[in-house]
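Chemist: Read off the chains here:
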Amino acid sequence: MTLNPNPELGVRAAAPRLIYRKPDVLADRSTHYCPGCGHGIVHRLLAEVMTELDLPAHTIAVAPVGCAVFAYDYLNVDFVEAPHGRAPAVATGIRRVRPEAFVLTYQGDGDLAAIGTAEIVHAAARGERITTIFVNNGIYGMTGGQMAPTTLIGQRTTSSPLGRDAALMGFPIRITEMLAQLPGVTYAARGSVGDASLIGKLKAMIKRACLVQIEGGGFSIVEALSNCPIGWEMTPQQSLEHLNGPVVEAYPLGVIVDRWVVSQPAGAGSAGAGSAGGEAPAPAAGAGPEA
Amino acid sequence: MTEPREIGVDARMTEAEAGRRSRVLMKGNEAIGEAAIQAGCDAYFGYPITPQAELLEWMARRMPELGRVFVQAESELGAINMALGAAATGARVMVSSSSPGISLMAEAMSYMAGSGTPMVLVNVMRAGPGLGGIGPSQSDYFQATKGHGHGDYRVPVLAPASIGEAMELMATAFELAERYRTPVMLVADGILGQAMEPVELRFRNPERHVFDWALTGAAGRPARIIKSIDLQPEVLERRNLALQHKYAEIARQETRFATECMDDAEYVVVAYGTAARVARSAIEKARARGIKAGLFRPITLWPFPTRELARLSRHVHGILTVELSSGQMVEDVRLAVEGRCPVAFHGRMGGMVPTPDEVVGALKALSGKVERTREREREQQQKRHSGLLEDRTGGHRRATEAASRERTQGAEVGVRAGTRGGGER
Numbered sequence: 001m002t003l004n005p006n007p008e009l010g011v012r013a014a015a016p017r018l019i020y021r022k023p024d025v026l027a028d029r030s031t032h033y034c035p036g037c038g039h040g041i042v043h044r045l046l047a048e049v050m051t052e053l054d055l056p057a058h059t060i061a062v063a064p065v066g067c068a069v070f071a072y073d074y075l076n077v078d079f080v081e082a083p084h085g086r087a088p089a090v091a092t093g094i095r096r097v098r099p100e101a102f103v104l105t106y107q108g109d110g111d112l113a114a115i116g117t118a119e120i121v122h123a124a125a126r127g128e129r130i131t132t133i134f135v136n137n138g139i140y141g142m143t144g145g146q147m148a149p150t151t152l153i154g155q156r157t158t159s160s161p162l163g164r165d166a167a168l169m170g171f172p173i174r175i176t177e178m179l180a181q182l183p184g185v186t187y188a189a190r191g192s193v194g195d196a197s198l199i200g201k202l203k204a205m206i207k208r209a210c211l212v213q214i215e216g217g218g219f220s221i222v223e224a225l226s227n228c229p230i231g232w233e234m235t236p237q238q239s240l241e242h243l244n245g246p247v248v249e250a251y252p253l254g255v256i257v258d259r260w261v262v263s264q265p266a267g268a269g270s271a272g273a274g275s276a277g278g279e280a281p282a283p284a285a286g287a288g289p290e291a
Numbered sequence: 001m002t003e004p005r006e007i008g009v010d011a012r013m014t015e016a017e018a019g020r021r022s023r024v025l026m027k028g029n030e031a032i033g034e035a036a037i038q039a040g041c042d043a044y045f046g047y048p049i050t051p052q053a054e055l056l057e058w059m060a061r062r063m064p065e066l067g068r069v070f071v072q073a074e075s076e077l078g079a080i081n082m083a084l085g086a087a088a089t090g091a092r093v094m095v096s097s098s099s100p101g102i103s104l105m106a107e108a109m110s111y112m113a114g115s116g117t118p119m120v121l122v123n124v125m126r127a128g129p130g131l132g133g134i135g136p137s138q139s140d141y142f143q144a145t146k147g148h149g150h151g152d153y154r155v156p157v158l159a160p161a162s163i164g165e166a167m168e169l170m171a172t173a174f175e176l177a178e179r180y181r182t183p184v185m186l187v188a189d190g191i192l193g194q195a196m197e198p199v200e201l202r203f204r205n206p207e208r209h210v211f212d213w214a215l216t217g218a219a220g221r222p223a224r225i226i227k228s229i230d231l232q233p234e235v236l237e238r239r240n241l242a243l244q245h246k247y248a249e250i251a252r253q254e255t256r257f258a259t260e261c262m263d264d265a266e267y268v269v270v271a272y273g274t275a276a277r278v279a280r281s282a283i284e285k286a287r288a289r290g291i292k293a294g295l296f297r298p299i300t301l302w303p304f305p306t307r308e309l310a311r312l313s314r315h316v317h318g319i320l321t322v323e324l325s326s327g328q329m330v331e332d333v334r335l336a337v338e339g340r341c342p343v344a345f346h347g348r349m350g351g352m353v354p355t356p357d358e359v360v361g362a363l364k365a366l367s368g369k370v371e372r373t374r375e376r377e378r379e380q381q382q383k384r385h386s387g388l389l390e391d392r393t394g395g396h397r398r399a400t401e402a403a404s405r406e407r408t409q410g411a412e413v414g415v416r417a418g419t420r421g422g423g424e425r
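Protein chains in written order, with this note's numbering: chain U, 1 to 291; chain W, 1 to 425.
If you're looking for bench data, these hints aren't it; they were derived computationally from the structure.
Incorrect hints may have been included.
As the list claims (entries may be wrong) - Covered stretches of chain U (chain W as the covering partner; in silico rule of three or more C-beta atoms under 8 Å from a C-beta of chain W):
#	stretch
1	60-66
2	84-94
3	176-187
All C-beta atoms in this analysis are idealised placements derived from N, C-alpha and C, irrespective of residue type, glycine included.
Please put together the full structure from these sequences, using the hints given.
Modeler: What follows is the structure, encoded as structure tokens:
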């Protein structure tokens, strides 16, 4: 820690101050994600939050089918692979036999909002004490860019080559809002990897979702809007502009429901009590973007 | 965990009775559930479907009573994936369902086989296909032994013929699941599930092991991953070879079957589960009518007792397979017999159960065909040897062809007559 960054200057530099360190739980390897993809950012945020909350040694995570299928190669925690869409059921099984574990699912929009709708809805309805990180990039990336239930109207994909037509292919699903209706859902929020400030806010949401689980709340979910430059047939820069424009318009950012008061002793507020349907309280002070 | 009593609150039994190891009258589904509990089942996940609903209900009452896990899932998909998650942490886990539910569970069974996750699955079979019916049926033999999910995998399948045996096999199922890191299936039918039988309350709780693969949180050790995907073909082939090696080991070590009245048997009835109990009555009746029949009852449907049946087929005159299906296990019987003796089939479907008389009829038809074929063969042989044939070489060839044609027809007719025999009666 006492490296001199500029020996040739002959000046003793002040001892370097560590301003960022890659969390150990993030594996030392390159990912299989495409250039410009947002999954890497979400992995990092999750790794940072888990480290800050001292979770890695207690975590049992569930990997999905989709682009994040190899999440277990990038996060050094115990992982089980779930069949496509079934991660919330798998997490339920873990939760019920391991009450002390931190249980996490990491899912994409095809996995969670299409094939896995029954599993996510019922895990949420049961108020399972699990945390779901839901990465929504509006497309099936892994299989080559097909239409997802979250694909925007008019968006071209390999299975909607003329653009998504609502008359034939239905409307995009705001599934996090749907889930937020359920009293079993303690925390539901939507963030984005669109820019540095949004990434900070997204991290705060992930942290709060994890805290809800640690402190004994019910189901918590954070939807992370993300880009898919390859699937969207855009440059990374264009894809971010698209993400911050039409995508955010279709999927508004913010806390959708927060039925948990962090200062409350665990078990004091049963899920949904007194706040069902009510306006969500603002995120607690200090849960803002990491300084 | 020691329970204050061997069995839960049960109107049919006082606690004093339970304290003694007495025989009590129990419904199959409930007995299976209690046997699982006494075998140390930590978690049960299910979804209502007839004819296994009483099993779910039994677990709903008993598991929370013991501080264990019971979850009624949103579907069979949900149930088995909950089981997958719980099993991944090393818990002793069970699910149960009936045919259409097993179809839904097939996906996760394949994942569990591929990733080496132990689980016990009970299928109280319905009469299919489709929604089918709830009568006793064995129409899921193919599903249990050849199929359910995708991919190159096998699952040990246990087939009890009585409620008492089902209770014993539940403990065996957990043992096999944990020893070989595999899902294990126990198949019953509407009769075994819903009938009541006197059973002895004798339970077994297999020894617990610490698993070096279980997900418990990576504290002080490298993270563990339970998965079935390998994108590199070389690596995936190694995973598959390891699975096949395991299956070969299971086939060597765990093949189970039972025989009855086989010492002097000339004809063998091959049947499992409820069909075997009908066969048992039929064999007595057949013997009274002069047909020396015996029973060969596979207890593991996979691994199938192929070697033992093959050995038998060298000594007996004919085999009759009886199933509550259109003839599924009979294909494995024929593969084992390899044409060494005629194999006939008799079955009923849709929830119908053959009567012992039907089975005796099928046995008589089989023995009749076999006797007639043997008689003709004897005649042909006598003709050949008495020099009645005009042309030595040509005549011999024609006679051989005729004899072999008749032999084939005889066997085939035997099979068809067996099938038809049931319907006509």
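Chemist: It remains to establish, for every hint, whether it holds in the given structure.
Modeler: Against the structure, the hints:
Coverage of the stretch 60-66 of chain U by chain W holds in this model, with 3 residues showing a Cβ closer than 8 Å to a Cβ of that chain against a need of three. Coverage of the stretch 84-94 of chain U by chain W holds in this model, with 7 residues showing a Cβ closer than 8 Å to a Cβ of that chain against a need of three. With 0 residues carrying a beta carbon less than 8 Å from a beta carbon of chain W, the stretch 176-187 of chain U misses the three-residue requirement, and the given coverage is violated.
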